[in-house]
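The chain contents come next:
There are 2 protein chains.
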Amino acid sequence: MNELTKMGERAKGSASVLAGLLSVKKNEALLAVAKALRQHCGEILCANALDLEAAEQNGMSAAMKDRLRLSEERIASIADAVEEVVMLEDPVGKVLGGETRPNGLQIRKVSVPLGVVGIIFESRPNVTVDCAALCLKSGNACILRGGKEAFHSNKALSDVIRGALCSAGLPADCVQLVPDTSRETAREMMRLGGYIDVLIPRGGAGLITSVVQNATVPVIETGLGNCHIYVDEAADVAMAVDIVDNAKTSRPSVCNAVETVLVHEAVAPEFLPQMKERLDRSNVELRGCAETRRILGDGVKAATQEDYAAEFNDYILALRVVRDMGSAIAHIARYSTGHSEAIVTGSYAAAQAFTGAVDSTTVYVNASTRFTDGGEFGLGAEIGISTQKLHARGPMGLQALTSSKYIVSGSGQIR
Amino acid sequence: MNELTKMGERAKGSASVLAGLLSVKKNEALLAVAKALRQHCGEILCANALDLEAAEQNGMSAAMKDRLRLSEERIASIADAVEEVVMLEDPVGKVLGGETRPNGLQIRKVSVPLGVVGIIFESRPNVTVDCAALCLKSGNACILRGGKEAFHSNKALSDVIRGALCSAGLPADCVQLVPDTSRETAREMMRLGGYIDVLIPRGGAGLITSVVQNATVPVIETGLGNCHIYVDEAADVAMAVDIVDNAKTSRPSVCNAVETVLVHEAVAPEFLPQMKERLDRSNVELRGCAETRRILGDGVKAATQEDYAAEFNDYILALRVVRDMGSAIAHIARYSTGHSEAIVTGSYAAAQAFTGAVDSTTVYVNASTRFTDGGEFGLGAEIGISTQKLHARGPMGLQALTSSKYIVSGSGQIR
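Same order as they appear, the protein sequences are chains A and B.
Quick note on the numbering used here: the first sequence kicks off at 1 and runs consecutively.
Quick note on the numbering used here: the second sequence kicks off at 1 and runs consecutively.
Read the hints as simulated data drawn from the structure, not as lab findings.
Where hints are given, some of them may not hold.
Copies of the same chain look alike in the list, so a pair counts if it fits in one copy or across any two.
[What the hints assert, rightly or not] In silico DSS-like links for lysine-lysine, alpha-carbon gap of 25 angstroms or less:
no. : residue 1 : residue 2
1   : Lys-301   : Lys-6
2   : Lys-109   : Lys-12
3   : Lys-109   : Lys-94
4   : Lys-405   : Lys-25
5   : Lys-148   : Lys-6
6   : Lys-6     : Lys-94
Whenever a hint applies, use it, and build me the whole structure from the sequences.
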């Protein structure tokens, strides 16, 4: 039995303990984790310094180093986030439905933990703690596999979490960090059937594609976002400018940022120049179709098919003037990753038609795509944004980390 | 672009038509299908005769031939089943939740079709019609890949369905049958990402394992059932005998039949002989542990680990005497496929502990495992029984064929 399989065994054992725990016990453990993070701040920062040193030597970009860097304040805010999870409702043990059948069988459908959740991530070290806390609250054991760059930080964080779990009387193996960051181990984790009930990749397109291609355990695809805003002929132009500006420039690196704006030809001559003036303030590079360039001038680059397919995650925006809403919907059906799309319109009929026809996790009328987020949706926390249709779609809160089982109470019924 | 990808393209196109259809329109199409099945009964029987002839030449077993055989009555009952689907509630367009956020955003979570459902099956030809009807009702296009043995029958049935869809003004490509039954095409179907939103295998362990190992599209595992009944020390022995007899002999070939009975040692001397007497009437072969054989005599075969792991689907039952309920639960955790398990007991505490600790789709107290079925659960119809934890668990009705999307209505909100 290899190391990962042993981890799987231990995770399963811990999961069966976790599944039976009262909320109060899980919350005590979470509070112990938050406290321990604050207490062991120094050790965590030392480990983080090792990662930062390696990052320096490897010539990591300043933006990436900033993502990697922990500080006393950041650790405090990570601990705060754990305490916020304590305040959330326990998603386990809810009666989701049921009935008494004509033969007297009493059927109840009850929410239960998924069991063992695997998470492969490549982002900031805080993901280690976030995921561990959400899994713990939902009664799931987790196996975490973070990126190479943050290994020492992740190790220190998971050691602190495991120590706190022990002190709270829970098995440390409720939370396990994969002890190496090789591709082989990641592949093995993707095929750990019988141990991992669901695998959630969190990261860029490369990671997610690799998981989808290689996993034999059930996967939830997350977070690829080529999002669109369609500015309808009946749009309030000032509102459209505000929304596009917000959706592009408030945080271009995230998955709910807009990447392409589609503009009805009737409103393009008025809208596009105002939009450009606003986006110029943030130095957004525009790439447009022929009609866009006719209106805005040749200073705007020509957009390619690749541009329309791209998730720029940057201060770049693709533009296309369309003949009608049908063309906008067809463009979205072709290029979207199915994350978030918006229409800006004053027309009831257009709003109805757009929200009906566009098949994405979230479809907005007169609002920024940036709202697709667990916190903004009132879910309290987020384990990721599912862009697949199975199990969960859109921002995933604690409920997405549960399954269900039927409990059937009889009095000797046979069939 | 190969044939299967073209089918995927056509399915996607049909799915977007289906997603927007009113219930009344879908129901009209279903009624047209039922009518056409009755009208074209002769052609369907001719095609079925070809399959039966080949079966004869290939030396297919009588039981298998019976599963394959259609008749006027069977076709009428298949048509009846389609009409029953008409009566079911439309699972699409339900508001599943939502709220108005503090910033005024109105969030609604609405049920939508999955899109394109792939089904690989190896059972009776009626599955073609059942699956097509359930997918149609839930607004999904489907790509069906049936077994080689039933190819002519499946082809005739799908031709009739497609003709009826056309006559009802729907795209024929809402329902497509894969035109060859090679393994290569099945493999290709498992990797048809971007076209198939979910793949559901219906068949034996070999098929399901192959799909889980090879698919890159999301899969719902169905129907493997190594089910257990635990006869507690506080069991009503007569009730336990009735339940075990029903769960084993009413239909041994199905996935919710019991395969192993675990017996508390305190009740074993009373229960086992009575059970044996009853099961002898149906010529059930018993395979037991040492203690079982001490009580029932050496006429009972010794059970191996393989027996405990087996889904016999036959008149064979494994037996094990256990020291206490904890041992029974541990046995189940080790050998069960997580389908259905039951406890027979008069003890409230035992019932609570067993239903809490056993992690299967359905856990019964004092009832036969044979009730795990969409019809028996009041779902009206069943596309399969999910034994995985993601998306759906247990009997899957129409709701399991839907996903959801968020529709967010704003008035210019930015973040």
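Each hint, compared with the structure:
no. : hint              : in the structure
1   : Lys-301 to Lys-6  : neither (55 angstroms within a copy, 35 angstroms between copies)
2   : Lys-109 to Lys-12 : within (23 angstroms within a copy, 33 angstroms between copies)
3   : Lys-109 to Lys-94 : both (8 angstroms within a copy, 19 angstroms between copies)
4   : Lys-405 to Lys-25 : within (22 angstroms within a copy, 34 angstroms between copies)
5   : Lys-148 to Lys-6  : within (22 angstroms within a copy, 41 angstroms between copies)
6   : Lys-6 to Lys-94   : neither (32 angstroms within a copy, 44 angstroms between copies)
This entry does not satisfy hints 1 and 6, going by the numbered hints stated previously.
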